[in-house]
Amino acid sequence: MSNILTIDDEPAIQRLLSAILQRDGHNAIPASTAREALSKLRQSSIDAILLDLGLPDRDGIELIGAIRAISPAPIIVVTARSDIQEKVAALDLGADDYVTKPFDGDELLARLRSALRRTGKPTDESLQHGPIRIDRARHSVSVRGTPVSLTPKEFAILEMLTQAGGRVLTHAALLEHVWGKAHLGDVDYLRVAIRALRLKIEEDPAAPRLIRNEPAIGYRLADQA
Amino acid sequence: MESRLSSYVMAALTVGLVALITAVALPLLGLASSALLFLLPVLLASVPGGIGPGLLAAVAGGIAYNFLLLPPRFSLAIHGFDHVISLIVLVTVALVTSSLAMRLKLREQEALDQVADSREAAQLSAILAEGDIAGAPERGVAWLAQLHGHARLLHEGGTEGDAAFTSLDHSAAAWALHNGDMTGHGTSIMPAAEWSFIPLSLRNWANRGLLAIARPEGGGIRSESQLAHLRSLALLVGQACDRAELEQQRQARETMEHGDRLRRALLASLAHDFRTPLTVITGQLATLSAKSPEAREALTAAHRLNRTIEDLLGAAKLEHGALAPSLESLDLVDVVASACDAAARPATIQLDRTIPADLPFVIADPVLLHHILLNLLDNAARHAKARIHISAQVQAQEVLLAITDDGPGIPEDERERLFDQFARAEGSDRTQGSGLGLSIVKGFAEAMGIAGTITAAPDGGACFTLGIPQALPSA
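If you read the protein sequences in the order shown, they are chains S and E. Here our numbering is used: the first residue of the first sequence is 1, the next is one more, and so on. Here our numbering is used: the first residue of the second sequence is 1, the next is one more, and so on.
The shape of chain E in the complex, shown without the other chains:
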């Protein structure tokens, strides 16, 4: 207020000074130069003071010029048309000059504001970039709070359950989150709110997070350009949030991969530690069993132990998520033949198979499918009376591989439970087999997208069927 008054006083004083000089030195200067001198106060007043003091200087200068210099001097009357013209020109030039000066001043102010805004953005960027990535968003918001009053970082939950916000604030925040608009104080959406809510990302990335800045403390209203500036700062904070999230994901992945590597190494060394002594046991028993029935019995038990260890290792892989099936197209003739060759069964049980010569290839992991078949054949061998039958047929997009035995079969209400033995193995006391084998079948099959079902064979035995996806015919 005071500075505006002083610029009016300054305008009046400079006009007076010019009037005095020109009045005394008129004979020396002439009318034209004197008139030009009256433009000086207009310029001097309008540049710092704006249009008001400029106008005052222009009007006062015009009057003084007329009164003091234009003939008849010391009267407001004007003689001669040219003098009227020169007075009009003086006032017009003064007015135009002052308005130009005024605009210049506005531009200067804008430029200064922009410089300040850019500097702020640069400082914020620097603050977000230095130090740890995870803490960057909070750091940035704390710095913004120092500059712009209370500031808060709101995540996807918005203001929910936060006592610092009124119900109108809650609505404004929800709107901003949902639509990606700036809302609340200073904006056109719910301007009566106590806070301004500024989305952290551009509109098409709505629903990510908000920067909330409280109404200015002095009671003023945040201008559109201030909000635009805050929006660009909020975008910087948003980018920092993105980086923090990516960093978090990267660290989580790294931790997981490290754990995976450890587990794989542990499983590999466990496998080694089990298999080495078993090799000695089975090897020596095999030599002895030529002469000793007891040794032959022990050898059978050792082979069973080996299968159980394979299952345990498989179960450990399943449980730790260390199973990574490598799916390829396979000929079931291959798969079944190598499983039949490897499976142990009493000589009294006959094993036969029916596989059509034109059976399509299937998609599976060869090692896992081999393990599944060994377990199913082992299971069948333990329950069959005299015969195990393997058959394959096409059904829709799958090849159904069925392993049927002529044993006692499995009651309908126990079939589902049988596959779930893994979950129930604790405390269960099965006399034959740990029950682990079938849960491995289920787990491995599921990992490869193979469905396993148990039904009754026509003669009452059990029938385990695997629905294996067909491979696309190769071009």
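Next up, chain S with everything else stripped away, as it sits in the complex:
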């Protein structure tokens, strides 16, 4: 059972979140303002945070920085705004994932599972997510038990996605990790590499099931139940 801090100023949303979290055996700790959220974060042990960006007393994006300063708990942004830039900014500033209102309860729980898994896992020798298995020491990858030969860039992308374990990674985060800071704007590099990667690991590269695209935001591995 995990303690989940739910930060949202709408009581009805709070009740909904609490009901959804209980389905997976989590304990919801509600906070309706940024101030209340920060004080609860200091008082109790919190395993993950669901954060609505539209709070009455403080800008949500700014609050992410404040939370990161006192807690390493994963943050999932739950927003009713459609502004893509805002989501990307939240992710780049330290949020771990996002869901858009109206969200699907199962989707939210899957995101939360991915986020919680990350916290328990430091730098393991081998990584696994669904059918993907990566042996870091040997630099080898197998999918559905079949070894796959990847270029260094493809390996680096898949390794980063697998380590994220279903969390979304922004284009900028992937580009910086694999190509370096100078190529933050070269999303084309990433798309070309993802296409090549899919040809090697997807059963049907035209209908990919493993690497999922989040329009204008980034990529993630598909949720594994």
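Because the hints were derived from the structure by calculation, they are not lab data. None of the values given here were measured: they were computed from a predicted structure. Glycine included, every Cβ here is placed at the ideal spot set by N, Cα and C. It is possible that part of the hints are untrue.
[Unchecked claim] Partial selection, computed: residues in chain E whose CB lies under 10 Å from chain S:
| # | residue |
| --- | --- |
| 1 | Leu262 |
| 2 | Leu266 |
| 3 | Ala268 |
| 4 | Ala271 |
| 5 | Gly283 |
| 6 | Ala286 |
| 7 | Thr300 |
| 8 | His303 |
| 9 | Glu328 |
| 10 | Ser329 |
| 11 | Asp334 |
| 12 | Cys340 |
| 13 | Ala343 |
| 14 | Ala357 |
| 15 | Leu359 |
[Claimed, not checked] Far from chain E by the CB rule (all over 10 Å, computed), these chain S residues:
| # | residue |
| --- | --- |
| 16 | Arg42 |
| 17 | Asp57 |
| 18 | Thr100 |
| 19 | Gln128 |
| 20 | Val148 |
| 21 | Thr162 |
| 22 | Thr170 |
| 23 | Asn213 |
Dock chain E against the given chain S, drawing on the hints supplied.
Just chain E now, with coordinates in the frame of chain S:
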């Protein structure tokens, strides 16, 4: 007239005075000094009076010198060659001096005129610079009217339909506007016109506007230098017009940007206000629908409502021009996969796709294209019997993305109308869907330079095709 006469009289009087003094004091002064004294009246007369009085003083001085001083005295006869020479020298020096004095006077006048012109230009500049920018040209012209008689500012329409101008004026103004020349009174082009027309800008900026100044009231003719001066003043007014126009554009832009910001903020808060209650509704219904078929039905309706709200927000953006596509190169595999994942469809309908592995990337806005595909898939799901097919192929510079269903299809004469539902949504009472979805498809597609067409699928269903521009292969 009177002052010219008086300078002749003054010339004669000073010559007489010098003649008297030298005649009496000749033994004291000697001939050479006396001759020099006769230059004084020439100088005194030509400086204020010009060449006429100077000449009079020179000739009269020569005669008096000969008559009174040169031996034999009191006779016009001259004895001795040296006396002839001294008389010639006296007259020549007098003539040269008076012409020099005359030229000096002209230069002085010119300098004074230039000072006056510069002062006028400086005053005009000051008048144009102070106060509001938009009213500056009119202010400047009103001030010019006080100085130079009737003055008018004519814009690009020229004198058209203005009763203050004769037909010759109309022609002169049209010429000035068209060719950038000064025309009308005082110029070499249609000088009989009642007004002088002076372009507000240099020749290569022709066709901008004119300063019209009426013929001088006294009946005189405007000189070339006066026109040149007016031209430089007109250029100042022209610059003020430019500034006024720029200021107007800046204000218009500011107003528009302010409106845009407001609209964006309003749309964002509307989106928030719609989505928050919908989250509660769909969330609670999702929990209930595990046990209740009614709740499942309500959940489907809530999802549809959500799509409609997304479309309404999209339509509002389209209508207010708040849509700013950010085009980038995209892999259609990505685009189609995320749309297929997000689209709701009955379990009875199969969704498959044919996308070549070497399909070129396309240029589009990822969010708008996602919305378009969701709408097309939603539309197909509502009409398909058992199957929806997505396919992509290259054609010329485009990638054609086709979404085909096996439903009843759309009659040829209704295809165009279908995309225009937005215009006809009022009063239309469609049972399935608002029709908004397809108009969003059209509007978003057009904003990205994508052409949408509807055709019939081979088996009679509907086929919606998007012609998406190809991205250039990256280097």
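Going down the list of hints, with the structure as the test:
1. Leu262: violated (16 Å)
2. Leu266: violated (13 Å)
3. Ala268: holds (6 Å)
4. Ala271: With Cβ-Cβ at 6 Å, under 10 Å, it holds.
5. Gly283: holds (4 Å)
6. Ala286: holds (6 Å)
7. Thr300: Interface hint status for Thr300/E: violated (13 Å vs cutoff 10 Å).
8. His303: holds (8 Å)
9. Glu328: holds (6 Å)
10. Ser329: OK, holds: Ser329/E within 10 Å of chain S, min 6 Å.
11. Asp334: holds (4 Å)
12. Cys340: Since chain S brings a Cβ to about 7 Å from Cys340/E, closer than 10 Å, the hint holds.
13. Ala343: violated (13 Å)
14. Ala357: holds (6 Å)
15. Leu359: holds (9 Å)
16. Arg42: Its Cβ never comes within 10 Å of chain E, the nearest being 28 Å, so this holds.
17. Asp57: Non-interface label stands for Asp57/S: nearest chain E Cβ at 16 Å, farther than 10 Å.
18. Thr100: For Thr100/S, whose nearest Cβ neighbour in chain E is about 8 Å away, the distance does not exceed 10 Å, so it is violated.
19. Gln128: Fine: 23 Å to the nearest Cβ keeps Gln128/S off the interface.
20. Val148: Check passes; 17 Å lies beyond 10 Å.
21. Thr162: holds (19 Å)
22. Thr170: The assertion about Thr170/S holds, with a minimum of 13 Å to chain E.
23. Asn213: Contrary to the label, Asn213/S does not stay out of reach of chain E, its closest Cβ about 4 Å off (not over 10 Å).
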